[in-house]
Amino acid sequence: MNGTARVLHAFPGGIHPDEHKTESCERPIVGAPLYERYVVPLRQHFGNPARPVVKVGDTVLRGQRIGAADGHISAAVHAPTSGQVTAIGPRPVAHPSGLPDLCMEISADGRDASIAITPIDWRDLAPGELAAKLAEMGLVGLGGAIFPSHVKLEPAAGGIHTLILNGAECEPWITCDDRLMRERANEMLRGAAIMRHALGARHLLLGIEDNKPQAVAAVAEAASALGLPMEVVMVPTRYPSGGGKQLIQLLTGLEVPSGKLSTDIGIQVFNVATAYSLYRAVELGEPLLTRIVTVTGQVRAPGNFEIRLGTPIEQLIRLAGGALPDSRGWLVGGPMMGFELSDTVAPVSKGVNCLIATSDRLFPPRPAALPCIRCGQCALACPVGLQPFEMYVHARAKNFDKARRYQLFDCIECGCCSHVCPSHIPLVDYYRYAKSEIHAQERSKRASDEARQRHDFQAFRLEREKQEKAARLHKAAAGRPPATADDPEAARKQAILDAAIERAKAAKQGVNPRNVEHLTPAQQQQVAEIEARRQHAATEQDT
Amino acid sequence: MIGSPYVLSANNSVRLTMTKVMAALLPGTLAHAWLFGPGIWVSLLLCGLLAIGFEALALLWRGYALKPFLSDGSVLLTAWLFALSVPTLAPLWLYAIGLLFAVVVAKHLYGGLGQNPFNPAMVGYAVLIISFPTYMTQWPAPVQLANHAPGLGEAFNLVLGGGGITPDAYTTATPLDTLKTLTRAGKDIHSTYAQPIFGWIGGKGGETVAMLYLLGGLGLMASRVITWHIPAAFLTAVALTAGGLHLLDPARHAGPLFHLFSGGVMLGAFFIATDPVSACATPRGKLIFAGLAGFITVIIRVFGGFPDGVAFSVLIMNVAAPLIDAYTQPRVYGHAGGKEPSQ
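Respectively, the protein sequence lines represent chains A and B. All residue numbers for the first sequence refer to the numbering used here, where the first residue is 40 and numbers rise by one. All residue numbers for the second sequence refer to the numbering used here, where the first residue is 28 and numbers rise by one.
Treat each hint with caution, since some may be false.
Said to hold, decoys possible - To spell it out: a stretch of chain A is covered by chain B in this simulated footprint if at least three of its residues, at any positions, have a beta carbon under 8 Å from a beta carbon of chain B; those stretches are: (1) 52-61; (2) 269-275; (3) 293-306; (4) 373-381; (5) 424-436.
Said to hold, decoys possible - Covered by chain A, according to a simulated footprint, are these stretches of chain B (three or more residues, beta-carbon under 8 Å): (6) 38-48; (7) 55-64; (8) 93-105; (9) 325-338.
Since the hints were made in silico from the structure, they are not lab data. Even glycine gets a Cβ: it sits at the ideal position worked out from N, Cα and C.
This is chain A alone, in the form it adopts within the complex (with noise of 0.2 Å):
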């Protein structure tokens, strides 16, 4: 069966990479074997770190959370196995700055026993209840965005009327959600209606490009088995077609406005394997313990692995036959917008959806960069309508406000500008540093506002101190008694010290952060990665 015919309305721009997905996608999920060590990093989720709740020396249950979100925006991390808990500090993770994170390191025992675990009855809780519920499970985003799940399963202001599954995996390479939906489609669905059940939503579609007819023949099978009324749309195989802005504009044909959230215009979208997360954790009471990965590119055998959160990166290189002679290094995520694995003792956490050994023959080296002709070729590759040229040149001369009037903070890094600028420009970076440095310069006047008005206090105490100094002394050179209750003198010194109380509190209330209100929480995690890698790249500078 194919997908359900609906009107697309097709976003601007979009490129065509190659895509390889033969070399994973008919690979069925192959599981892993329970290793001796796993390392469980507490931040494997956009927000808080989680906070460590055991200790080193205890001894952990499969399923056992052993860190607690930290606030709302923040997801609780669990224990892949049983075994002890063997260290807590330091460690490498996989994420773009290359900087080591706080983990937890746990030594199997070997029994891999597991929590009591029992199934939510989610039927009769009310939304909101369940994402209260699923706040302890660990669900995060699992397309690679990781934004704690239960914040989005949250009832929106202005209620959410559809729910649009993510199974585009535009990305090349990555085939983990193709194998999910064509091996797990009922499991997959089960969770949807548990979140189209949670939101209240009255359509839920599911998109996914047509370049995985099997994915969609198997997921329209499930939805029609379990009866479960829902569209299954096949998209145009064209990138980004699952950036969310894109897959809601190729669906609906709505956009998000500018530094809103698309539950703004009711509308939430989750990643397939997100919904099949949440089936595990509602049904079988299981937090996310496991996800699909994609082991890909300069491989003896790339396939999909279902591993453990925690299991060491080189393990699951070990499960697809090691890298080939000729691979030169490892891609975390797919390779339009993924990034360069540091070092391969770095644990699997949430976000890792696809790793891809690189080679000079799939991944030639960037040709050296030549100056823009303003082609336009960027502007029409563009999925958001930017004029890339104009924000890299703004950008290159540090002329952060000019490129923002170019609407930087619109652009989703997707990739496409620099994949076809025929002078090789890195233009992500370009956009990258410009959005990290507008941030830079807004914290920096933040506190340059914050250290005036110290200032100015401080000034007004030394001279409300003079005066009242010079005021005793002419008391005391009158000879007068004490000042009563009712003296003016006082009186007057009490005003002058209420004034510059008000004035403070005043200029407290003004001092708010700028220009960050409106950004999404992808936005957000960017900004953070961003100012990792600033914070790394200062770092190497400076060693």
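Dock chain B against chain A, hints included.
Okay, now just chain B, sitting in the frame of chain A:
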């Protein structure tokens, strides 16, 4: 360290872009050689060598690496467009002065590749037509009309200052020159059309070359090197302006077809006004830019002092391009003007 994306589209470079443009110029150039004699190969060769020489000198002077910039093909394209715009078989020093201004002044003094506010080839052309107007009118006659059509060897001699033949033997007034002179003399347009230099829609020979430029230009569009906006707006504006004037006074003004297929209009529409560095870049900006350039072209032809107006119209609009771009920014996803959210 350079981040994502890690894959770039294959077979994509500035050099390839320039090569595609030159390939699109080939049909018209071949027709030119066939219809006006092989002299064009001589001027192409010498202009190419001069341009590369000037480019190399400018790069050395500015302290840039020679290889990446000499191999990007941009200076060869400038030389090619220049050679097609100035009279074939003009003396070498004329080419040298024109290209000096095109490459060193218009391109490198403004910052080199990608930085020039004006179209380099047109700057070279404009300098020459202002400074040496006589030389700039000495276009070789179509082979079938010429008293003598110089062969390849003779062409070399002529350009290098040898000679033996006077320009009168092989040159003739262009259709646009003829039109201007005769119209000024008060001649009726129909008697002007009877001159041997006129073909069936434009000038003899020139109209065929123009059609092949059109063909090459459509090829450029098909290969997505250029978008439709500039050629379409330019040609439409030329046709509308010429058509309007023709309707006002059919006895004095040539019709739109003549204007479309004579002089530099086709070359300008597809190859000169489309120079991305100096033209507008936004879709609406391109339409305004090229529309006004087409309009000015015809106004200069009809009312101005020069027979053709393509170079000046493009240069004038180059000045306005950044401003037009600034006011015609396209709507960005999620900004006002898009489809409003509805239930």
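In rising order, the numbers of the hints this structure does not comply with:
2, 7, 9
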